[in-house]
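Asker: Using the sequences and the hints given, assemble the complete structure.
There are 2 protein chains.
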Amino acid sequence: MSIAETGEFGLIARIVARLGSGPASLLGPGDDAAVVAAPDKRIVASTDVLVEGRHFRRDWSSAGDVGRRAAAANLADIAAMGATPTALLVALCVPSDLDVTWAEELAEGLSEEAARTGATVVGGDMSSSPTLTIAVTALGDLGGRAPVVRSGAQPGDVVALAGRTGFAAAGYTVLSRGFRTPKVLVEAYRKPAVPYAEGPAAAAAGATSMIDVSDGLLQDLGHVAAASVVGIDIRRDAFEVPAQMRDAASALGVDPYVWLLAGGDDHALAATFPSAASLPPAWRVIGSVHEGTGVTVDRKPWQGGTGWDHFR
Amino acid sequence: MSIAETGEFGLIARIVARLGSGPASLLGPGDDAAVVAAPDKRIVASTDVLVEGRHFRRDWSSAGDVGRRAAAANLADIAAMGATPTALLVALCVPSDLDVTWAEELAEGLSEEAARTGATVVGGDMSSSPTLTIAVTALGDLGGRAPVVRSGAQPGDVVALAGRTGFAAAGYTVLSRGFRTPKVLVEAYRKPAVPYAEGPAAAAAGATSMIDVSDGLLQDLGHVAAASVVGIDIRRDAFEVPAQMRDAASALGVDPYVWLLAGGDDHALAATFPSAASLPPAWRVIGSVHEGTGVTVDRKPWQGGTGWDHFR
Chain C
15 MSIAETGEFG LIARIVARLG SGPASLLGPG DDAAVVAAPD KRIVASTDVL VEGRHFRRDW
75 SSAGDVGRRA AAANLADIAA MGATPTALLV ALCVPSDLDV TWAEELAEGL SEEAARTGAT
135 VVGGDMSSSP TLTIAVTALG DLGGRAPVVR SGAQPGDVVA LAGRTGFAAA GYTVLSRGFR
195 TPKVLVEAYR KPAVPYAEGP AAAAAGATSM IDVSDGLLQD LGHVAAASVV GIDIRRDAFE
255 VPAQMRDAAS ALGVDPYVWL LAGGDDHALA ATFPSAASLP PAWRVIGSVH EGTGVTVDRK
315 PWQGGTGWDH FR
Chain P
15 MSIAETGEFG LIARIVARLG SGPASLLGPG DDAAVVAAPD KRIVASTDVL VEGRHFRRDW
75 SSAGDVGRRA AAANLADIAA MGATPTALLV ALCVPSDLDV TWAEELAEGL SEEAARTGAT
135 VVGGDMSSSP TLTIAVTALG DLGGRAPVVR SGAQPGDVVA LAGRTGFAAA GYTVLSRGFR
195 TPKVLVEAYR KPAVPYAEGP AAAAAGATSM IDVSDGLLQD LGHVAAASVV GIDIRRDAFE
255 VPAQMRDAAS ALGVDPYVWL LAGGDDHALA ATFPSAASLP PAWRVIGSVH EGTGVTVDRK
315 PWQGGTGWDH FR
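Taken in sequence, the protein lines are chains C and P. Every position in the first sequence, counted from 1, becomes a number in the working numbering once 14 is added. Every position in the second sequence, counted from 1, becomes a number in the working numbering once 14 is added.
Calculated from the structure, these hints are not laboratory results. Quantities reported herein were computed from a predicted structural model and do not represent experimental measurements. Every residue gets a Cβ at the ideal spot worked out from N, C-alpha and C, and that includes glycine. Careful: at least some of the hints might be erroneous.
Stated by the list, open to error - From the derived model, a few chain C residues whose C-beta atoms are all more than 10 Å from chain P:
no.: 1; residue: 144
no.: 2; residue: 145
no.: 3; residue: 153
no.: 4; residue: 255
no.: 5; residue: 298
As the list claims (entries may be wrong) - Short, incomplete list of chain C residues facing chain P, as computed with Cβ under 10 Å:
no.: 6; residue: 47
no.: 7; residue: 53
no.: 8; residue: 60
no.: 9; residue: 107
no.: 10; residue: 157
no.: 11; residue: 158
no.: 12; residue: 165
no.: 13; residue: 189
no.: 14; residue: 192
no.: 15; residue: 225
no.: 16; residue: 228
no.: 17; residue: 243
no.: 18; residue: 268
Said to hold, decoys possible - 20 Å max Cα-Cα, derived EDC-like pairs, lysine to aspartate or glutamate:
no.: 19; chain 1: C; residue 1: 55; chain 2: P; residue 2: 54
no.: 20; chain 1: P; residue 1: 55; chain 2: C; residue 2: 54
no.: 21; chain 1: P; residue 1: 197; chain 2: P; residue 2: 261
no.: 22; chain 1: P; residue 1: 197; chain 2: P; residue 2: 54
Answerer: Below you can see the structure in the form of structure tokens.
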């Protein structure tokens with residue numbers, strides 16, 4: 015059944031039926047606005063938009079996977095401030111001939127990924143559009159901690175990473191060359207495995223700066239370096255190339271370090287910590303902060319590409 | 015200059031330079047997420063999306079006016095809960111060949127409308143897209159009051175309205191017939207005059223339910239009637255047809271009451287109050303709540319159309 019047949023309110027009812035409820039949702043979908051608990055008296059808020067053809071393809075990802083990725087991109091931004099996600103709002107623009115099932119499965123994917131952090135979908139809006147577009151806003155609570163911003167890195171700090179990099183980019187390359195395996199890479203592109211809890215854990219451990227790795231590690235650390243007015247050096251030998259990534263890179267003629275250091279969409283968290291800090295177990299040191307500017311790899315400029323600009 | 019020339023980060027820098035700062039913005043654009051004050055320990059949140067060709071036309075509205083309308087649609091939802099807006103987040107999808115000036119003026123319009131309520135634009139995201147799309151999320155603070163929901167109307171309550179109806183719909187009809195005057199109607203379509211402060215005022219005066227009139231008074235009161243499980247009757251003689259609206263209706267062969275009772279986009283606020291309540295001065299009684307279902311005009315079903323469904 016198409017959305018033209020169910021109508022706007024019919025589709026909204028079907029979607030709302032697929033959303034769960036959570037502890038921070040004081041008033042969920044169905045009114046002019048939602049009401050969300052903000053016990054900290056401050057709310058962390060971030061918006062990310064996914065556009066078909068730019069950020070996802072319906073022949074590469076199921077509706078549920080697109081929903082999970084749309085949620086993950088936003089929830090990771092909340093975690094990267096050291097906060098715990100509480101709620102999502104979703105603006106969905108869909109072609110009138112879209113099958114209702116697709117929208118329902120998208121809602122399930124959004125809801126499932128949110129549930130991994132304790133958050134729920136509390137509201138949204140819907141319109142027809144020639145271009146399938148999903149704009150998600152995530153809210154989160156700081157639990158009394160200071161937000162961990164990009165500008166706090168200090169010379170002498172260590173740079174550390176929680177979560178994996180390169181997997182989603184490798185999966186994207188595999189799919190773009192027409193392959194469907196190795197499954198671990200393709201699934202990494204389809205379903206990000208974001209270490210959400212490591213954001214608040216890093217904040218509690220004294221992280222001086224933090225960022226969600228969405229565009230590529232070197233590009234995103236470049237934002238930290240610029241905001242903190244420091245230089246950052248990454249050690250290439252801190253990254254081991256996993257066997258399946260090595261095989262795929264070899265078969266496709268790609269340098270796997272381009273995936274590891276410049277590939278986006280895995281939503282790892284990168285942070286800086288004072289050198290004396292005791293890092294939570296999921297974090298591993300990958301480099302250091304020094305006086306200067308920019309990001310280097312083994313003290314040399316990186317030549318392999320640095321993430322992407324959506325307009326170029 | 016096109017956005018393809020400035021690039022994503024160049025455009026973001028130009029837009030951020032046009033946004034003001036406000037008291038609730040504890041951390042504005044430029045990090046993974048914004049931080050917004052939530053002194054009430056609850057946050058009110060709403061999302062609305064505008065799609066070119068569906069919700070606006072670039073030949074009918076300036077970029078600044080589109081920005082104002084995108085902000086107003088969201089800010090009115092916050093006011094309709096009895097809350098005061100604090101912040102906006104904006105996801106902007108634009109064609110790569112869009113002139114940068116258009117995006118800058120859009121940002122100024124968003125910022126100006128937000129400033130009318132004391133709110134500021136605290137964050138956002140941007141992507142290229144074949145379809146110009148603006149998704150806005152508004153946040154607000156309840157200031158210790160209970161949220162005014164749609165489900166609280168009681169038989170015996172009065173129905174009251176703050177703000178005007180029919181002006182934007184009349185302006186839309188005028189524009190769609192190829193005219194540019196009367197100016198008061200066309201400008202009402204382009205620049206909504208939303209009585210934001212009347213939302214918290216109604217809450218303080220004991221409103222039992224409230225809604226933002228975005229799709230048309232009768233359709234939106236239909237949501238209140240359904241959620242409250244009551245009937246609502248509107249008195250036609252509570253609406254006077256303004257002279258310029260009467261003239262335009264006559265020239266275009268339209269019943270002006272279709273504009274007044276079923277026209278959307280003015281973002282008036284409609285609320286129910288106990289009959290003994292003392293209404294704030296900007297509110298006028300237009301009907302009453304009774305046991306039953308649905309919305310009637312002078313106790314009869316309305317025959318003139320009831321707002322619109324974006325998919326039909």
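Asker: Evaluate each hint against the coordinates.
Answerer: Structure-based check of all given hints:
no.	hint	in the structure
1	144	violated, 5 Å
2	145	violated, 4 Å
3	153	violated, 6 Å
4	255	holds, 28 Å
5	298	holds, 21 Å
6	47	holds, 4 Å
7	53	holds, 6 Å
8	60	holds, 4 Å
9	107	holds, 6 Å
10	157	violated, 13 Å
11	158	violated, 13 Å
12	165	holds, 8 Å
13	189	violated, 20 Å
14	192	violated, 24 Å
15	225	holds, 6 Å
16	228	holds, 9 Å
17	243	violated, 14 Å
18	268	violated, 24 Å
19	55/C x 54/P	holds, 7 Å
20	55/P x 54/C	holds, 7 Å
21	197/P x 261/P	holds, 13 Å
22	197/P x 54/P	violated, 41 Å
Going down the numbered hints, you'll see the structure goes against 1, 2, 3, 10, 11, 13, 14, 17, 18 and 22, while the others check out.
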